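J.: Residues per chain, in single letters:
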Amino acid sequence: MLDNYLPILIFMIIGLLVGGGAMVAGFVLGERRPDHQKNSPYECGFEAFETARLKFDVRYYLVAILFIIFDLEIAFLFPWAVALDGLGMVGFLAMVIFLAILVVGFVYEWKKGALEWE
Amino acid sequence: MGFEKFLFYVLAATLIAAAGMVVTRRNPVHAVLFLVVAFFSSAMLWMLLEAEFLAISLVLVYVGAVLVLFLFVIMMLDVDIATLKAQFIRHLPLALVVGVIMLVEIFLVVGPGNFGGESFPNPAPQGPDYNNTRELGLLLYSSYLYPFEIAAVILLVAIVAAIRLTLRHRPDTKYLDPSKQVYVRKGPDRVQLIRVPPEPRRVPPTATPTSGVEDEA
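These protein sequences, in sequence, are chains A and B.
Just so you know, we're using our numbering here: the first sequence kicks off at 1 and counts up by one.
Just so you know, we're using our numbering here: the second sequence kicks off at 1001 and counts up by one.
Excised from the complex, chain A in its bound form (with noise of 0.2 Å):
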């Protein structure tokens, strides 16, 4: 079974060596004369003004906090699509309880208006 995804490691290991074979051709052949300034960032030729760091919205954690617990959800869909016909009624029915679950969570974050941006 392993076969199948040796073309895959394969893609892989060429990918790595594209990739970083570019960056070491350019860390070899390049030269490095560093300067304070040079590595200083970029600011339209300023001095920078303040830390790149700028306050964070939490709206942004809420959508990757839901968006994980979706994921988890259809992650465990997977296996029951592929092996629903040999689950029969049981494993229909328990797919359906746990969506139900699930469905009450997403009206409650529906309706609480987690779903609009603003």
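These are calculated hints, taken from the structure and not from any lab test.
Take these hints with a grain of salt, some might be off.
As the list claims (entries may be wrong) - Not close to chain A: a few residues of chain B, all C-beta gaps over 10 Å, as computed: (1) 1002; (2) 1007; (3) 1024; (4) 1030; (5) 1107; (6) 1115; (7) 1138; (8) 1183; (9) 1203.
Stated by the list, open to error - What the simulated footprint calls covered on chain B by chain A, stretch by stretch (three residues with Cβ under 8 Å from a Cβ of chain A suffice, anywhere in the stretch; the number is not a length): (10) 1009-1019; (11) 1120-1132; (12) 1139-1146.
Only a predicted model underlies this, so the values are computations on that prediction, with no experimental measurement involved.
From the three backbone atoms N, C-alpha and C, an ideal C-beta is built for every residue, glycine too.
Put chain B on the given structure of chain A with help from the hints.
T.: Quick look at chain B alone, frame taken from chain A:
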């Protein structure tokens, strides 16, 4: 078998090196990127064990979602690198002792003595049409039904907790709810034409005071 063994050693070495880099890098973003490398190598190790669905789900869920959350937290918190560096050196001897003790304990419990080749022989390599996803599904939704439903409840708790902790309404945004916007009908209350009578015309005063001509308005 020789190539698989070589691949296993390469992946295991990458995994251990990346894991070591995660805890020793100064820049937290670099540490998270090394964690990505660690997850990819462990996904490839699981693929060597012929658990293809679990390997892909490791990449999708861990790298795609959990590490995104890690990066968000690192971006949100203003991490002071200098104090972290000082604390690392101070605690390093105790940390090394605790780490070595943990490693020895793990090796004694999960090592070759209890989980070696005699008690758990290697499973035979499967044929080319072995479907790991299907085998997992057939097992999970029949024998392990109850833990599966408990997983649903845990996910529900996570949804409710995340929304309760982070959702806050901003009172100063003027946001129009689209579901209320569709209720606008063509009627008397939608557009109102108000007839405003024109203002009486006023003659503007003359400009220069030295002109000598006075305006009799």
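J.: Does each hint fit the structure? Answer for all of them.
T.: Verification of the hints:
1. Residue placement check: residue 1002 (chain B) keeps its beta carbon more than 10 Å from all beta carbons of chain A (closest about 13 Å).
2. Some Cβ of chain A comes within 10 Å of the Cβ of residue 1007 (chain B); the nearest lies about 8 Å off, and the non-interface call is violated.
3. No beta-carbon of chain A is positioned within 10 Å of the beta-carbon of residue 1024 (chain B); the least distance is around 22 Å.
4. Interface exclusion of residue 1030 (chain B) from chain A stands, the closest Cβ pair being 16 Å apart, more than 10 Å.
5. The beta carbon of residue 1107 (chain B) sits about 28 Å from the closest Cβ of chain A, which is more than 10 Å, so the claim that it is off the interface holds.
6. Every CB of chain A lies more than 10 Å from the CB of residue 1115 (chain B), the least distance being 22 Å, so the non-interface label holds.
7. Listed as outside the interface, residue 1138 (chain B) is inconsistent with that label: its C-beta sits roughly 5 Å from the nearest C-beta of chain A, within the 10 Å cut-off.
8. At roughly 18 Å, the least C-beta separation between residue 1183 (chain B) and chain A is larger than 10 Å, which holds for a residue marked as non-interface.
9. No Cβ of chain A approaches the Cβ of residue 1203 (chain B) within 10 Å, the least distance being about 51 Å, so the stated non-interface status holds.
10. For the segment 1009-1019 of chain B, the stated coverage by chain A is violated: 0 residues have a C-beta nearer than 8 Å to a C-beta of that chain, whereas at least 3 were required.
11. Judged by the Cβ-Cβ criterion of 8 Å, the segment 1120-1132 of chain B is covered by chain A as claimed, because 7 of its residues qualify and three suffice.
12. Three residues within the 8 Å Cβ limit are the bar, and the segment 1139-1146 of chain B against chain A gives 4, so the coverage statement holds.
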